[in-house]
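J.: Letter by letter, the sequence shown follows residues 1 to 542 of my numbering.
It should be emphasised that the hints constitute simulated quantities derived from the structure, not laboratory data.
Treat the hints with care, since some could be wrong.
Label pairs and their in silico Cβ distance ranges [unchecked claim]:
1) 359 to 327: 20 to 30 Å
2) 163 to 456: 40 to 50 Å
3) 190 to 374: 41 to 51 Å
4) 374 to 517: 20 to 30 Å
5) 540 to 101: 31 to 41 Å
6) 359 to 456: 14 to 24 Å
7) 94 to 220: 25 to 35 Å
8) 92 to 359: 35 to 45 Å
9) 62 to 403: 47 to 57 Å
10) 418 to 112: 43 to 53 Å
11) 299 to 220: 44 to 54 Å
12) 353 to 273: 50 to 60 Å
13) 273 to 233: 32 to 42 Å
Simulated crosslink set (DSS-like; lysine-lysine; CA at most 25 Å straight-line) [to be verified]:
14) 168 to 269
15) 36 to 269
16) 237 to 168
17) 269 to 279
18) 279 to 328
19) 237 to 197
20) 168 to 36
21) 454 to 197
Don't be surprised by glycine CBs; every beta carbon is placed ideally from N, CA and C.
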Amino acid sequence: MRVLGINAIFHDPAAALIVDGQVVAAAEEERFSRRKHGKRPVPFAAWELPELAAAWCLDEAGLRPDDLDAVAYSFDPGLTRDAASLGLSDPWDHVRVDYARRAPQFLAAALPSLDPEQVRFVPHHVAHAASAGLSVPEDSATLVLDGRGEVASHLAGAFRGGELEIFKSQELPHSLGLLYEDLTRHLGFLHSSDEYKVMALASYGRPRFLDQFRELVRTTDDGGFTIERIDWAAMAKARTADGEMTDAHADLASSVQVRLEEVLVELAKWTYERSGGLKTLTMAGGTALNCVANARIAAETPFERVWVQPAAGDSGTALGAALAVQSKNIPFGTAALGRGWTDEELEAELQRAALPYTRPESIAAEAARVLADNGIVAWYQGRSEYGPRALGHRSLLAHPGDSDTQTRMNNVKGREQFRPIAPMVRAERFDDIFTGVYPSPYMLFVHQVKPEWKDRIPAVTHVDGTARVQTVHTETEPLVAEMLAEFERRTGIPVVVNTSLNTAGRPMVDTPREAMELFGSAPVDLLAIGPFAVHRAKAFGA
């Protein structure tokens with residue numbers, strides 16, 4: 001069966017392709033269009049499809065649109081109701097719904113030879129749930145939380161034998177995702193984009209408004225929750241994008257973050273009981289990218305395993321919709337589902353750019369040498385990652401032992417200085433340095449840094465003593481593991497800073513040309529692109 005999944009309705013448009021029970025390709029449109037998140041989540045943009053990502057997925061598999069058995073669209077307009085009746089202030093929502101109804105025709109126009117009758121609507125939260133619950137081999141409880149779908153913001157259920165049973169779906173306007181979006185907007189950040197900044201800011205504050213939020217945000221006995229109207233300005237003055245960040249803003253972020261964590265733990269415990277004690281919890285939805293909350297769920301609920309979809313946000317519903325249509329568990333093996341280039345193609349790009357390069361015996365050892373000398377490395381290897389995390393394919397790497405590294409990296413990327421940077425570590429060394437969820441190959445949980453290591457890896461130790469760790473496993477990431485082993489041999493430290501290969505406001509680098517453009521415009525010491533090395537000093541004489 002050949003199924004193309006499409007996400008287009010809100011934000012982060014993406015496409016994913018399953019062929020005969022294998023995920024062949026998956027990518028966000030932003031990697032092709034170079035527009036961050038693909039588009040803004042406004043009704044008038046709902047017609048915009050991931051045309052470039054979909055065309056690439058088909059090309060990767062050597063398929064034409066008329067070769068497909070189905071196209072799965074991750075929103076069902078037949079389930080919608082008038083926004084006002086849902087308590088939402090969105091007078092143009094009917095435009096979004098109308099565009100969704102016309103999606104088969106839009107898709108047929110974008111993918112010539114596609115039969116519109118092949119398009120199937122998959123409910124938004126079912127797509128989210130399937131992206132997680134059908135990506136593990138075992139039966140699992142599942143929990144989805146985001147801003148909104150057709151009429152709800154949450155789904156609790158379980159997958160057994162590939163079939164989803166829904167226990168509870170929380171109807172709008174009650175939404176933990178929209179709550180966090182409102183906070184993001186109040187703090188002067190861009191909603192549906194910068195929520196991760198709020199999570200980082202929360203660590204700098206005190207939850208002094210927590211008692212108020214415990215009254216305003218409450219779980220219910222049936223597995224749902226309610227959220228009362230919140231007077232944000234009564235707790236902290238609204239901040240403009242370039243306004244001063246005060247202690248009150250950090251305290252407000254901290255209060256909402258802690259209450260979110262508490263509510264998610266309560267919802268997860270209810271889901272465990274309702275599932276009859278299934279051992280695995282799978283999670284998706286934008287709220288599942290809150291790695292601090294994920295860590296608390298793993299630590300404080302009876303589940304033996306918590307698995308979060310690496311593309312947990314809306315982009316992941318492209319894969320989820322396709323999984324839901326074929327209704328079969330396909331274990332998630334790698335996030336490296338995007339575009340890649342051969343060594344010959346990479347060398348041709350370097351020659352076209354007239355960059356001086358070498359082919360060292362080991363690019364991993366060369367990168368480790370530069371890192372050990374406190375250089376910054378642009379690491380461009382293999383296929384690009386599906387989802388928001390750089391996982392050793394499109395990464396900026398640095399030395400974690402220099403306390404100035406966080407400042408340097410944030411300067412390179414042009415972002416706020418309160419933003420933490422994360423570590424990658426060889427899996428076999430994880431227990432020596434960190435405590436918390438293991439394995440953690442997709443950077444979706446926070447971990448405690450052991451006391452004896454905090455001063456040795458200050459760059460990746462957040463103000464609260466935590467780090468968002470990626471465990472690197474030799475069997476799945478041999479080149480990254482080799483680089484980490486060589487860095488440890490040189491420095492005694494088995495950890496390297498890993499952040500996304502991009503600058504503020506731009507999507508992650510995807511093509512070789514984009515990697516070279518970033519290398520040329522930012523103070524990066526080495527571009528490790530495939531097996532080739534480009535040193536800044538040789539390329540630019542500095």
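J.: Quick one, are residue 36 and residue 269 close enough, alpha carbons at most 25 Å?
T.: Between residue 36 and residue 269 the Cα gap is close to 35 Å, so the pair fails against 25 Å, i.e. violated.
J.: Measuring from beta carbon to beta carbon, are residue 163 and residue 456 in 40 to 50 Å?
T.: Between residue 163 and residue 456, where Cβ atoms are some 49 Å apart, the hint holds.
J.: Compare the distance between the alpha carbons of residue 454 and residue 197 with 25 Å, and conclude whether the hinted pair is satisfied.
T.: Holds, at roughly 23 Å.
J.: Looking only at beta-carbon atoms, does the pair residue 359, residue 327 fall within the given range of 20 to 30 Å?
T.: With a Cβ separation near 47 Å, residue 359 and residue 327 fall outside 20 to 30 Å, so the hint is violated.
J.: Indicate whether the distance between the beta carbons of residue 94 and residue 220 respects the range 25 to 35 Å.
T.: Given about 30 Å between the Cβ atoms, the range holds.
J.: Between residue 540 and residue 101, is the Cβ distance one that fits in 31 to 41 Å?
T.: Violated, since residue 540 and residue 101 (Cβ atoms, about 53 Å apart) do not stay within the stated range.
J.: Need the status of pair residue 237, residue 197: alpha-carbon distance at most 25 Å?
T.: holds (18 Å)
J.: When you take the CB atoms of residue 299 and residue 220, is the distance between them in 44 to 54 Å?
T.: About 24 Å separates the Cβ atoms of residue 299 and residue 220, which means 44 to 54 Å is violated.
J.: Using the C-beta atoms of residue 374 and residue 517, is the stated range 20 to 30 Å upheld?
T.: holds (24 Å)
J.: Checking one constraint from the list: CA of residue 279 to CA of residue 328, max 25 Å. Satisfied?
T.: Holds. Residue 279 to residue 328 sits at ~19 Å (cutoff 25 Å).
J.: For the pair supplied as a hint, residue 269 and residue 279, is the alpha-carbon distance within the 25 Å limit?
T.: holds (12 Å)
J.: Note whether the CB distance of residue 353 and residue 273 lies within 50 to 60 Å or breaks it.
T.: Once the Cβ atoms are compared, 59 Å apart, the range 50 to 60 Å for residue 273 and residue 353 holds.
When held up to the earlier numbered hints, the structure conflicts with 1, 3, 5, 6, 8, 11, 15, 16, 20 and fits the remainder.
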